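Novice: Chain by chain, the residues run as shown.
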Amino acid sequence: MDIVVTVNGRKYQASIEPRLLLSDFLRDTIGLTGTHVGCEHGVCGACTILVNGDSVRSCLTLAVRADGMDIVTVEGLGTPDHLNALQTEFREKHGLQCGFCTPGMLMTAMDLLKKYPLASDEEIREGLSGNLCRCTGYQNIVAAIRSVVSLRNGSAS
Amino acid sequence: MKPAAFDYIAPNSLEAAVGAIAAANGDGKILAGGQSLMPLLNFRIARPSVIVDLMHIPDMSFIERRDDAVAIGALTRHADLEFSDLIAQELPVMAAAMPHVAHLAIRNKGTIGGSLSHADPAAELPMLAVFYGATIKVQGSSGRRDIPAEDFFVSALTNCLDPDEIVFEIDFPVLTSHAGWAFEEVARRFGDFALASIAVSLGILDSRIVDARVAVMGVADTPRRLREAEEALTGAQGGPKTAARFAEVVRACVSPESDIHVSAEYRKNLIGALAARAFTTAWTRAVGARP
Chain A
1 MDIVVTVNGR KYQASIEPRL LLSDFLRDTI GLTGTHVGCE HGVCGACTIL
51 VNGDSVRSCL TLAVRADGMD IVTVEGLGTP DHLNALQTEF REKHGLQCGF
101 CTPGMLMTAM DLLKKYPLAS DEEIREGLSG NLCRCTGYQN IVAAIRSVVS
151 LRNGSAS
Chain B
158 MKPAAFDYIA PNSLEAAVGA IAAANGDGKI LAGGQSLMPL LNFRIARPSV
208 IVDLMHIPDM SFIERRDDAV AIGALTRHAD LEFSDLIAQE LPVMAAAMPH
258 VAHLAIRNKG TIGGSLSHAD PAAELPMLAV FYGATIKVQG SSGRRDIPAE
308 DFFVSALTNC LDPDEIVFEI DFPVLTSHAG WAFEEVARRF GDFALASIAV
358 SLGILDSRIV DARVAVMGVA DTPRRLREAE EALTGAQGGP KTAARFAEVV
408 RACVSPESDI HVSAEYRKNL IGALAARAFT TAWTRAVGAR P
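Chains as they are written, first to last, in the working numbering: chain A, 1 to 157; chain B, 158 to 448.
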């Protein structure tokens, strides 16, 4: 089947099998390997991306369903020289170690920051409960997001 | 970890979708939000030869007040329910339960029709449908029919639908005379399936309970409304004694099973503790205080 998908502002046209997962379309068909694939059944959160602004698990979506949609992956957040605010705080607070879960953490946090006040660390932790990290113990990931919330609210972190 | 090959059909009308699933002769699967079906496809636990995708059918996603009920389209996403002002106002127990439904990225895709059809005994929306006494509207080859939520869930992961029937709308009656309510749930991790959960709603007149609604999940192979527990509350007043008696009745109503997570005994104690907590919160709300 033929699909046209906008990924990080660029249009991609491809002919694909209906069973192709969106995660594999991003990584293998168009070569954007920033989206990581962990469990492939929606539990680990590593493959989280934004579809029309909402966070979704790309491993639980058929690529054919993304036809005509607007997708943002971790490659669309910033560049190594110009990280976005969230990425900057992940670096400042050491919110990553091996980095495998990081793209999913970032994309999930982008949506959390948009939809919730994230007034408490508990709320941040609840929001991240669908993303597994086996290195950090989450402390510094929560700290990085807390920092973005504080900056957004105009107070120093 | 990748789906087996299937024929993909994405019709643009409910009638065409019913026709496509009927033509699949029992070897087809309906795809709504995909948040339960896709893991089954990825693991190849489900290997349907035909997938009928509902995403291109118009007018299947809506939340509307209709007389004494809120009508919800089957393709309405969990996140739409979570952030709806109408739901918060008219179906407060649903509003309280929605953040417990999986995680945001799942709520952004998962649909109410999909969750009900999947019929997980520890999922929030089936329990809410039973709690509110919702009517589930379905269409099949031989026409439409209305199914009361309590008749819809047959056993774990099994509903009463014929193979060619598709849920297109769910009507939730508003509990207009109820002033106090509560939703309590315990899961291993926030967003995981519930170990046990209870919803309580109370109508009060002259400081006495005149009408109670109680439903539980995670303690049987389907969500259950507990009429015995409702009757036990009728005529009662708030306070620790009523809460303890209510917890006792709720415990006596259920016989949960042990599983990989917890023992049957733990689950039974848990639902009692949640019942007492939920009753106290509901009563506090009903008499006009902040819980």
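Keep in mind the hints are simulated off the structure, nothing from the lab. Small disclaimer: the values here were computed from a predicted structure and weren't measured. Using N, Cα and C, we set each Cβ at its ideal position, and we do this for glycine too. Possibly wrong hints are sitting among the right ones.
[Claimed, not checked] If you want the ones that stay clear, here's a sample from chain A, every Cβ over 12 Å from chain B, calculated:
# : residue
1 : Gln13
2 : Val37
3 : Gly45
4 : Asn52
5 : Arg57
6 : Glu92
7 : Thr108
8 : Asn131
[Claimed, not checked] Only pairs whose alpha carbons sit at most 25 Å apart, straight line, appear in this in silico DMTMM-like list of lysine to aspartate or glutamate:
#  : chain 1 : residue 1 : chain 2 : residue 2
9  : A       : Lys114    : B       : Glu414
10 : B       : Lys425    : B       : Glu387
11 : A       : Lys93     : A       : Asp67
12 : A       : Lys114    : B       : Asp237
13 : A       : Lys11     : A       : Asp24
14 : B       : Lys159    : A       : Asp67
15 : A       : Lys115    : B       : Glu387
16 : B       : Lys294    : B       : Glu307
17 : B       : Lys186    : A       : Asp81
18 : A       : Lys115    : B       : Glu239
19 : B       : Lys159    : A       : Glu123
20 : A       : Lys11     : A       : Asp54
21 : B       : Lys425    : A       : Asp24
22 : B       : Lys294    : B       : Glu414
23 : B       : Lys186    : A       : Asp111
24 : A       : Lys115    : B       : Asp242
25 : B       : Lys186    : A       : Asp2
26 : A       : Lys93     : A       : Asp81
27 : B       : Lys159    : A       : Asp81
28 : A       : Lys93     : A       : Asp121
29 : A       : Lys114    : B       : Asp368
30 : B       : Lys294    : B       : Glu247
31 : B       : Lys425    : B       : Asp363
32 : B       : Lys398    : B       : Asp349
33 : B       : Lys159    : A       : Glu126
34 : A       : Lys115    : B       : Glu247
35 : A       : Lys114    : B       : Asp319
36 : A       : Lys11     : A       : Asp111
37 : B       : Lys186    : B       : Asp224
38 : B       : Lys159    : A       : Asp121
39 : B       : Lys294    : B       : Glu221
40 : A       : Lys115    : B       : Glu307
Novice: With reference to the structure, classify each hint as holding or not holding.
Specialist: Verification of the hints:
{"no.": "1", "hint": "Gln13", "verdict": "holds (18 Å)"}
{"no.": "2", "hint": "Val37", "verdict": "violated (9 Å)"}
{"no.": "3", "hint": "Gly45", "verdict": "violated (7 Å)"}
{"no.": "4", "hint": "Asn52", "verdict": "violated (9 Å)"}
{"no.": "5", "hint": "Arg57", "verdict": "violated (5 Å)"}
{"no.": "6", "hint": "Glu92", "verdict": "holds (24 Å)"}
{"no.": "7", "hint": "Thr108", "verdict": "violated (6 Å)"}
{"no.": "8", "hint": "Asn131", "verdict": "violated (8 Å)"}
{"no.": "9", "hint": "A:Lys114 - B:Glu414", "verdict": "violated (40 Å)"}
{"no.": "10", "hint": "B:Lys425 - B:Glu387", "verdict": "holds (18 Å)"}
{"no.": "11", "hint": "A:Lys93 - A:Asp67", "verdict": "violated (37 Å)"}
{"no.": "12", "hint": "A:Lys114 - B:Asp237", "verdict": "holds (15 Å)"}
{"no.": "13", "hint": "A:Lys11 - A:Asp24", "verdict": "holds (17 Å)"}
{"no.": "14", "hint": "B:Lys159 - A:Asp67", "verdict": "holds (20 Å)"}
{"no.": "15", "hint": "A:Lys115 - B:Glu387", "verdict": "violated (37 Å)"}
{"no.": "16", "hint": "B:Lys294 - B:Glu307", "verdict": "holds (13 Å)"}
{"no.": "17", "hint": "B:Lys186 - A:Asp81", "verdict": "violated (47 Å)"}
{"no.": "18", "hint": "A:Lys115 - B:Glu239", "verdict": "holds (11 Å)"}
{"no.": "19", "hint": "B:Lys159 - A:Glu123", "verdict": "violated (34 Å)"}
{"no.": "20", "hint": "A:Lys11 - A:Asp54", "verdict": "holds (19 Å)"}
{"no.": "21", "hint": "B:Lys425 - A:Asp24", "verdict": "violated (44 Å)"}
{"no.": "22", "hint": "B:Lys294 - B:Glu414", "verdict": "violated (31 Å)"}
{"no.": "23", "hint": "B:Lys186 - A:Asp111", "verdict": "violated (30 Å)"}
{"no.": "24", "hint": "A:Lys115 - B:Asp242", "verdict": "holds (14 Å)"}
{"no.": "25", "hint": "B:Lys186 - A:Asp2", "verdict": "holds (22 Å)"}
{"no.": "26", "hint": "A:Lys93 - A:Asp81", "verdict": "holds (18 Å)"}
{"no.": "27", "hint": "B:Lys159 - A:Asp81", "verdict": "violated (36 Å)"}
{"no.": "28", "hint": "A:Lys93 - A:Asp121", "verdict": "holds (15 Å)"}
{"no.": "29", "hint": "A:Lys114 - B:Asp368", "verdict": "violated (40 Å)"}
{"no.": "30", "hint": "B:Lys294 - B:Glu247", "verdict": "holds (20 Å)"}
{"no.": "31", "hint": "B:Lys425 - B:Asp363", "verdict": "violated (33 Å)"}
{"no.": "32", "hint": "B:Lys398 - B:Asp349", "verdict": "violated (32 Å)"}
{"no.": "33", "hint": "B:Lys159 - A:Glu126", "verdict": "violated (29 Å)"}
{"no.": "34", "hint": "A:Lys115 - B:Glu247", "verdict": "holds (22 Å)"}
{"no.": "35", "hint": "A:Lys114 - B:Asp319", "verdict": "violated (41 Å)"}
{"no.": "36", "hint": "A:Lys11 - A:Asp111", "verdict": "holds (23 Å)"}
{"no.": "37", "hint": "B:Lys186 - B:Asp224", "verdict": "violated (34 Å)"}
{"no.": "38", "hint": "B:Lys159 - A:Asp121", "verdict": "violated (36 Å)"}
{"no.": "39", "hint": "B:Lys294 - B:Glu221", "verdict": "holds (15 Å)"}
{"no.": "40", "hint": "A:Lys115 - B:Glu307", "verdict": "violated (34 Å)"}
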